[in-house]
Every structure is written in C-alpha cells, then in structure tokens.
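Trainee: Letter by letter, the chains look like this.
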Amino acid sequence: MFPRQMYNPDSFANVSENGKIVGFSFEMKMQYYRGITLSIIRDIEVEVDGQLFPRSDIRFTVNQETFTLDEMRTVISNRWRFGQYAQVTVLTEGGLCVGKHHIKCTQTIAPSYMPFQLAHPGESDFVIEGETHEQ
Amino acid sequence: MNNKPKISRSVSLYSYQQPYYEGKLDLEGCIREVAKTGATGIELLAEQMIDDFPVITPAFQDQWFGWMEKYGTEPTCYDAFLENRIYDNRTLTLREQIEMMARDINIASQLGFKTLRTLVATPIDVIEGSLEYAAKKDIKICLEVHSPFSFNSTWADGYMRLIQKTGTQHFGFIPDFGIFCRDIPQTMRDQAFRFGASQRGVELVDEAFKERVSNGFVKIEYDLDLGRAHRAYLEANGYSKLMEALKQAGANEADFKYAGKSFTFTWNDPQDLIDNMPCIFHTHAKCYDLTPDYIEPSMPLDEIVAAYKKGGYTGYLSTEYEGHGFLNDAFEVDSIEQVRRHQEALKRAIEK
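Protein chains in written order, with the working numbering: chain A, 411 to 545; chain B, 3 to 354.
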C-alpha cells in the first residue's frame, strides 16, 4: 500500500546488550490505512539479503511496549497508529555486518471485514554503520 | 424561490491518507484542505486520524468543534470498523459486537456526526441490537454498499427487511461510487504494466471486464462467511474462465494480479439508487483519477448524480479519493489536487 514510505531510513542499526551485539533493529510504518490493535497482526516476516529470520526471533515495540509475535495475538489495548513508526528487533547473534544490505519485510494483518488476510511486503536498501543501539 | 432539494458536498479525510501518512498533513491540515474546496462536510475515520482512539478526551473534543467553527465545516459521517474478529481464535459474541457498535455510536455522537458507516460484513442481528442506542443518540447507522456488493441483491434484501420490519429511521445505506465503474481506472492499468504485466494479459482482463459490464454482473449474496460469499461471486462472474484464458496465453504473475483486482470493480445502473433513496443517508463519492478538466474516466459522474437528483436526495456526496495506491509505488501523489478536482466535478454535476 505504501511500500516506498514504509521504512525510517535512518533507523537501521545493530542492537547491543551489555556491550555484546544481540541483533539489529529498524522502524517501519504499517502498510494499511488505519490504526489497528496488535491482536490482528498475524505475522511480520523479515528477510535480509535473502535470509529469512525465524518468527520466534522477532520482537515488536510500539508505544513503549515490546511483544513477541505470539504474545501480540492477545493485545487489544495497544494500537499501532496509522503512520506511526514501530520498532522491529531481530535477535541474531552478532547482528548484521557493517555495510550495505537489502531488506524485505512482509506485514500480514487480518482486518475483520476482509474475506482474506492482507500481506504487504516492502523492500529497501539500507546501510548498517559501526554504531550500535544499547538495549 | 428555488425549492429543489439540495445535495451537499463533503470530503472523507480518507482521501488525504497519503499526505497524512507522509507527515505532510495533520488532522487540522486535512480539515483546512476540505474547506478550501468549498465542501462543507467532514467525514472521518476515527481509527485513522484520532491518536487516542477509542478514547475521546475533552481536550480533543474542544479542538474538534473549534476546527469545525474555524473552517466553517460540519461533521457528516463517522466511519466505523466493527472489529468482530479482534481475537484470532474466535468471533466476538453478539453482545460484544453490539457493545463495540455502541462504543462507536457514542464517539460519533460526541464529535457531532449524524451518520455512522458500518461495513458490509456487519451481521444483521448486530444492527438490530444497536437500533435502540442509535435512536437514543440520534445516529443513523448506515451499511456501506461497497463493490462488489450491490443494491437489489439478496445481500441487501435482508437489511431492507429489517428496516421494513422495525420501521426504524436509524438504519440505512451508504452507496460507494465504486459500484458504478464502467471501466477499470487507467492508473491501475498503468501500474500493472509497471509491475510487468503483458499487453496480451491486460487485454484479456479488460475484455472480460467489458463483457461483465455489458452482460451484467451476477450479484454477491448474504453470507456471514465472507470468504465463501466472495468465492461464489467470483465464480459466478467468470473468474475461473478468465484465469484459464490467461494461463493459455502464457500470462505472468502481474497479469494474474491485475485480473484479480479487476473483480473489485462493478457496474450497476445508477437507476438502482432511486428505489432505495428513502434509505440512503450518506454517500461515498469514490474517485480514482480526475483529469485536469474534471472528468473521472472510470465512471459516468453526471449520470450518477442525475439519479440522486431524480430520487430527491438531500444528503451529502462525500469525496473518497482512492487513487493514491495506483501511483505511490512510483510517483508523488497529489491528493489535495485530486480532491479539489472531484469537488469541482461534483459541484458542476449537482448544479446541472
């Protein structure tokens, strides 16, 4: 729906915990036209340079709360607003190497009135700099 | 003195979702842009543009009515989404759905709206169970007649019977102009080519659409299993036949996608509106691509508006620009200009 405007280009970074790189994160907007409760998000698939990360390694943060994808199924009081950046963290030891990369992230949501789920991919090139975000 | 019934003009802020998404317009900016077009009505998707939804703070309420006064506008329609599958393991019970409808009726009332749009998937018993509260708050619940759904169909009949049975003044319909498409928007066709569609594939899809327009569409039926209703609708309108023809022609993925999307547009005779006019309280004047000389090539705007006039309609025609999705993969979208052109086109058609 809004594939070109989906990512915050300045948000891609490795994430560290106690000085050790534990993954990477980025910010994105929803490819849909209204805010939704997290409970109708069915999947967020992250693929970088052709490598698909396991669903269980995805963390989703919005409005200062962080969930796994399975936890999100019961979240009905936290809304991801239309046009709001949410943070996706992918837990992967060592993160991504410094330099250029390509991401394809697919958001799958299930609005109640739709006869089928909506799966919207968005792709972008991005750069990982040397600095990391301490978690 | 002119005693002819007056049709008013409104804009759904949905039309400005692209600049809103990009941070170029905020809620007040959208209202300001509507006022500049000469429209007086504001239609809102609260879930799209109210940050604290579903909470309406007194501060927001004050600000909202302040904007209405400042820009000389009034609230027309509140677009609700009955999220009755908010949990992925079950559908909300009837009681829960009626409570959700009441929540939205209440917000609509707090913000001064007169009508509330509910979606095609709303079960009849949820509407019946909400009529008393709607009457108390004086909000008209309106079922959106959105393509591929249509008037004068078994789907619409059940809701019509509810109106006849109860005699309610607080339930009716909102037609969406997408049911009056005589052609597929050219911008969608251009986008299909950008995505790699073939000349032959697009021709086959366009020919099949033309055939549906000239032979008439088989209408979708009432079924709470929307997937099943939708599959039956596709089948009855030649979906498999088209897909097979595309396969034979060696069509590619982009051709098949274009074919699938072509079934979201339907053509109904605008005269269909006339019999239903007593129950039509608001209208989504959908548009996709207005030319600089105020023509919407995918639908006969003058003919549609003429039917409204003939039927004695006195509600709002509310612009709902939806062409952004056919452009934003490659181009900047000028929603403000598209809405301005559509309002001018509506104004001319109303004054004709």
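Treat the hints as calculated values from the structure; they're not laboratory data.
Note that the coordinates shown come from a computational prediction; the quantities given were computed from them, not determined experimentally.
Don't take every hint at face value.
Below are the SDA-like pairs computed for lysine to any residue, each with C-alpha atoms no more than 25 Å apart in a straight line [what the hints assert, rightly or not]:
#	chain 1	residue 1	chain 2	residue 2
1	A	Lys-514	B	Phe-197
2	B	Lys-116	A	Glu-533
3	B	Lys-26	A	Gln-527
4	B	Lys-259	A	Phe-526
5	B	Lys-259	A	Gly-540
6	B	Lys-139	B	Thr-168
7	B	Lys-221	B	Lys-139
8	B	Lys-72	B	Arg-97
9	B	Lys-263	A	Arg-452
10	A	Lys-510	A	Gly-540
11	B	Lys-116	B	Asp-127
12	B	Lys-259	A	Gln-497
13	B	Lys-38	A	Glu-533
14	B	Lys-312	B	Lys-263
15	B	Lys-26	A	Tyr-523
16	B	Lys-259	A	Lys-510
17	B	Lys-26	A	Gln-497
18	B	Lys-38	B	Lys-139
19	B	Lys-263	A	Gln-497
20	B	Lys-259	A	Tyr-523
21	B	Lys-259	B	Gly-240
22	B	Lys-263	A	Gly-540
Sample of chain B residues with no beta-carbon within 12 Å of chain A, all distances over it, derived [stated by the list, open to error]:
#	residue
23	Ala-48
24	Leu-84
25	Asn-108
26	Thr-120
27	Thr-124
28	Lys-249
Just so it is clear, CB atoms sit at the ideal spot from N, CA and C, and this is done for glycine as well.
Trainee: Does each hint fit the structure? Answer for all of them.
Mentor: Quick rundown of the hints versus the structure:
1. Proximity of Lys-514/A to Phe-197/B is assessed by CA-CA distance (about 17 Å); at most 25 Å being required, the pair is judged to hold.
2. A C-alpha spacing of about 42 Å is found between Lys-116/B and Glu-533/A, which places the hinted pair above 25 Å, so the restraint is violated.
3. About 29 Å separates the Cα atoms of Lys-26/B and Gln-527/A, which puts this hinted pair outside 25 Å; it is violated.
4. Restraint check: the Cα-Cα separation between Lys-259/B and Phe-526/A comes to about 15 Å, which is no more than 25 Å; the hinted pair holds.
5. For the proposed pair Lys-259/B and Gly-540/A, the alpha carbon gap of about 41 Å is over 25 Å, so the pair is violated.
6. Our distance criterion of 25 Å between C-alpha atoms is met by Lys-139/B and Thr-168/B, whose separation comes to about 18 Å.
7. Pair hint Lys-221/B plus Lys-139/B does not hold up; C-alpha atoms about 34 Å apart against a cutoff of 25 Å.
8. About 40 Å separates the Cα atoms of Lys-72/B and Arg-97/B, which puts this hinted pair outside 25 Å; it is violated.
9. At roughly 23 Å between alpha-carbon atoms, Lys-263/B and Arg-452/A fall within 25 Å of each other, so this suggested pair holds.
10. Distance restraint check for Lys-510/A and Gly-540/A: the Cα-Cα separation of roughly 12 Å lies within the 25 Å cut-off, and the hinted pair is therefore satisfied.
11. Proximity of Lys-116/B to Asp-127/B is assessed by CA-CA distance (about 22 Å); at most 25 Å being required, the pair is judged to hold.
12. Between the alpha carbons of Lys-259/B and Gln-497/A the distance comes to roughly 31 Å, so the proposed pair goes past 25 Å and is violated.
13. Taking the CA atoms of Lys-38/B and Glu-533/A, the gap is about 37 Å. The hint is violated against a cut of 25 Å.
14. Taking the CA atoms of Lys-312/B and Lys-263/B, the gap is near 32 Å; set against the 25 Å cutoff, the hint is violated.
15. Among the hinted pairs, Lys-26/B with Tyr-523/A is inconsistent with the structure: their alpha-carbon atoms are about 29 Å apart, more than 25 Å.
16. Of the pairs offered as hints, the one joining Lys-259/B and Lys-510/A is violated, with about 31 Å between alpha carbons and a cut-off of 25 Å exceeded.
17. Using a Cα cut-off of 25 Å, the hinted pair Lys-26/B and Gln-497/A holds, with the two alpha carbons roughly 22 Å apart.
18. Under the criterion of a C-alpha separation no larger than 25 Å, the hint pairing Lys-38/B with Lys-139/B is inconsistent with the structure, at around 31 Å.
19. Between Lys-263/B and Gln-497/A the CA atoms are separated by roughly 32 Å; this puts the pair beyond 25 Å, and the hint is violated.
20. For a cut-off of 25 Å, the pair hint linking Lys-259/B to Tyr-523/A stands: about 21 Å separates their Cα positions.
21. Taken as a hint, the Lys-259/B and Gly-240/B pair is honoured in the structure, with Cα atoms around 16 Å apart against an allowance of 25 Å.
22. A C-alpha spacing of about 44 Å is found between Lys-263/B and Gly-540/A, which places the hinted pair above 25 Å, so the restraint is violated.
23. Distance check for Ala-48/B against chain A: the nearest CB is about 9 Å away, which does not clear 12 Å, and the non-interface claim fails.
24. Distance check on Leu-84/B: its Cβ comes as close as 7 Å (rounded) to a Cβ of chain A, failing to clear the 12 Å threshold; non-interface status is violated.
25. Residue-level check passed: Asn-108/B sits 18 Å from the nearest beta carbon of chain A, beyond 12 Å.
26. Look at Thr-120/B: its CB is around 9 Å from the nearest CB on chain A, not clear of 12 Å, so calling it non-interface is violated.
27. In this structure Thr-124/B is not separated from chain A by more than 12 Å, as the shortest Cβ-Cβ distance comes to only about 8 Å.
28. Chain A leaves Lys-249/B outside its interface by the beta-carbon criterion, the shortest separation being 21 Å against a cut-off of 12 Å.
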